[in-house]
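2 protein chains.
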Amino acid sequence: MDKNELNEEELQIWNMWKGNFKRTFGRVVKEMSEHTGLSEGDFGILDRLVQFGDGKLRQQELADSMDWDKSRLSHHLTRMEKRGLVVRKPLTTERGVQVEITLAGQAALDEALPVVSSAIRKYFLSQLTPQDLESITALAERTKKQS
Amino acid sequence: MDKNELNEEELQIWNMWKGNFKRTFGRVVKEMSEHTGLSEGDFGILDRLVQFGDGKLRQQELADSMDWDKSRLSHHLTRMEKRGLVVRKPLTTERGVQVEITLAGQAALDEALPVVSSAIRKYFLSQLTPQDLESITALAERTKKQS
DNA sequence: ATAACATGGTTGACATGTCATCCTCAAGAG
DNA sequence: CTCTTGAGGATGACATGTCAACCATGTTAT
Numbered sequence: 001m002d003k004n005e006l007n008e009e010e011l012q013i014w015n016m017w018k019g020n021f022k023r024t025f026g027r028v029v030k031e032m033s034e035h036t037g038l039s040e041g042d043f044g045i046l047d048r049l050v051q052f053g054d055g056k057l058r059q060q061e062l063a064d065s066m067d068w069d070k071s072r073l074s075h076h077l078t079r080m081e082k083r084g085l086v087v088r089k090p091l092t093t094e095r096g097v098q099v100e101i102t103l104a105g106q107a108a109l110d111e112a113l114p115v116v117s118s119a120i121r122k123y124f125l126s127q128l129t130p131q132d133l134e135s136i137t138a139l140a141e142r143t144k145k146q147s
Numbered sequence: 001m002d003k004n005e006l007n008e009e010e011l012q013i014w015n016m017w018k019g020n021f022k023r024t025f026g027r028v029v030k031e032m033s034e035h036t037g038l039s040e041g042d043f044g045i046l047d048r049l050v051q052f053g054d055g056k057l058r059q060q061e062l063a064d065s066m067d068w069d070k071s072r073l074s075h076h077l078t079r080m081e082k083r084g085l086v087v088r089k090p091l092t093t094e095r096g097v098q099v100e101i102t103l104a105g106q107a108a109l110d111e112a113l114p115v116v117s118s119a120i121r122k123y124f125l126s127q128l129t130p131q132d133l134e135s136i137t138a139l140a141e142r143t144k145k146q147s
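Residue numbers (UniProt numbering), protein chains in the order written: chain A, 1 to 147; chain B, 1 to 147.
Repeated chains share a single entry, so a pair holds when one copy, or any two copies, can fit it.
Once the Cα atoms are required to be at most 30 Å apart in a straight line, the calculated DSS-like pairs of lysine-lysine come out as: (1) K70 to K144; (2) K70 to K145; (3) K18 to K30; (4) K70 to K18; (5) K30 to K56; (6) K82 to K18; (7) K22 to K144; (8) K144 to K122; (9) K56 to K18; (10) K56 to K70.
Everything labelled a hint here was simulated from the structure, so no lab data went into it.
Modelling step: build the complete structure from the supplied sequences, incorporating the hints.
Structure (structure tokens):
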């Protein structure tokens with residue numbers, strides 16, 4: 001048995017797993033962006049601002065919670081600021097930058113939340129069996145611990 | 001019960017599923033790109049050229065098999081051609097363009113194949129239980145059939 | 001034949017991601 | 001105090017993705 005190359009079934013599993021994610025995730029993101037004009041990144045940022053910081057967060061904290069590096073976040077915030085979704089203010093107490101959601105940002109988020117929820121239900125949750133739930137949970141645990 | 005917003009567990013499932021994919025898939029892609037300089041798109045294109053067309057494919061067929069639109073593929077091929085991985089030639093028999101893998105492209109693919117296989121084993125296949133296999137297969141079937 | 005339409009591809013503009021580099025400011029080490 | 005070091009960000013260059021417009025060439029209807 002060849003240790004290197006994947007056999008047909010192994011390749012199939014990989015391709016099904018990848019294809020399923022891209023299909024489903026793409027549907028959810030597309031439904032949101034078509035209905036609200038927000039991208040996945042936009043939504044993640046706005047959502048964290050209100051969930052974790054009551055509308056404002058330090059830039060570095062935001063980057064950590066998104067699992068983005070500081071450069072990526074900086075670029076994205078620049079674009080979002082230009083669209084009026086957030087503002088950046090220097091911190092007074094310490095070094096760093098405070099990111100705050102604007103009224104327009106809050107409005108966009110409020111509009112997006114139900115769309116996202118229903119899309120996740122329609123394209124993802126509704127397709128899951130109880131077995132799938134177990135599988136997803138356990139697998140996520142396992143890969144999180146990997147090197 | 002609120003039909004719109006997701007409850008805590010539903011949100012957890014979505015986030016675990018999404019997080020697991022991005023982590024695992026990212027590890028595989030990163031391992032390949034670090035070892036061979038090929039991106040995910042590069043690899044998919046080169047692999048299909050040899051698997052489905054013995055080294056050459058019509059551009060539109062390639063786009064279909066990648067599930068990419070023609071624009072995306074056109075841009076990507078332009079960059080790959082510049083790096084010497086493929087060449088484009090007008091078809092003589094009919095309208096359209098023939099994409100051919102070059103020697104350099106074949107060499108890059110040969111180098112990448114074992115790296116990709118071992119990365120998929122290490123980060124993905126090795127983490128799967130028999131239950132996971134069933135779950136992945138059945139779920140992929142279900143979502144493929146969705147609207 | 002010619003007008004309408006579909007197919008196969010390219011292009012430009014812009015959004016998103018990644019990487020390396022640079023800048024500023026703070027905390028310690030000498 | 002000066003020198004190094006690291007944290008927090010910004011920036012420029014370039015790769016990747018998306019969308020709409022464009023162009024050329026076949027096909028079909030009238």
